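Enquirer: Given only the sequences and the hints, what does the whole structure look like? Please build it.
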Amino acid sequence: MDAVRVWDPVVRGFHWTLVTSFAVAWFTSGTMEAVHHWAGYAAGSLVALRLVWGVVGTPYARFSQFVRDPATVLRYLSAILKGHEARYIGHNPAGGAMVVVLIAAMGLAALTGWLMTTDTYFGVPWVEAAHGLVVHVVLLLVIVHVAGVALASFRHCENLVRAMFTGRKRKAGPADID
Amino acid sequence: MYRTLVLAALAGMIAGPALAAGSCSTAEKSKFQPKATLEAQLKGEGLTVRQIKTEKGCYEVYAVDKAGKKVNVAYNAETLEKLDNAEAGEN
Chain B
5 MDAVRVWDPV VRGFHWTLVT SFAVAWFTSG TMEAVHHWAG YAAGSLVALR
55 LVWGVVGTPY ARFSQFVRDP ATVLRYLSAI LKGHEARYIG HNPAGGAMVV
105 VLIAAMGLAA LTGWLMTTDT YFGVPWVEAA HGLVVHVVLL LVIVHVAGVA
155 LASFRHCENL VRAMFTGRKR KAGPADID
Chain D
-14 MYRTLVLAAL AGMIAGPALA AGSCSTAEKS KFQPKATLEA QLKGEGLTVR
36 QIKTEKGCYE VYAVDKAGKK VNVAYNAETL EKLDNAEAGE N
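Chains as they are written, first to last, in my numbering: chain B, 5 to 182; chain D, -14 to 76.
Rather than coming from a laboratory, the hints here were simulated on the basis of the structure.
These numbers come from a predicted model, not from an experiment.
Partial selection, computed: residues in chain B whose CB lies under 8 Å from chain D:
#	residue
1	Gly34
2	Thr35
3	Glu37
4	Asp123
5	Phe126
6	Gly127
7	Val128
8	Pro129
Taking beta-carbon pairs under 10 Å as the criterion, some of the chain B residues facing chain D (in silico):
#	residue
9	Thr121
10	Thr122
11	Thr124
12	Glu132
Every residue, glycine too, gets a C-beta built ideally from N, C-alpha and C.
Expert: Given below as structure tokens:
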């Protein structure tokens, strides 16, 4: 198989450690406070690292490579509905939008969680409510993200989950967008 | 003998903190002291109460002291006895 390197080790490491941080934080909420806090600090740090890597990283890791204007994203979503969306080597427009929204929501979850530990916002009901809400939004986004990955994998006959482990994808065909 | 010692040590590890920290009430909610009573008591101690949550037989208090530092303590909801572990009602 002709494969190209797409996801660099930072992108892959970021992805799976963020998955782990979120899962750990989710399951330690209200029961193992110390672990929950560390999972939150990890998620916040990972988001900060990814923001930097999105500017200075390898080509497919850069925001400029995969963040498109909303109209392009909407056109791609409508192409999905009609069943003729193009295969992208990097993130497709919908995937790119999901990266941005997920990073923002994850960052907000870490931020509101940290606020709950500060003297100023400790025990303040609206901060707790905001954290709870944001975290559930993240969970919802994760579900949509996984569904999108499954759909794209199915449509373009490639295993995108494996690509996030190996970093490699089938090289672009004539109809694909690099 | 060895087994007994290990079991005793384990039992001690589990029971030790619980005994030292006091425990949450096991009574019905109708037996609990009103939150307002606890809040008034805390105000008297100079705390600004932000929230009191009921966690099983405990009240978990979220407050700040006069210096603005956070204070997180649990009380037995029936006796209003102060507990060492703020998460006493959650585990």
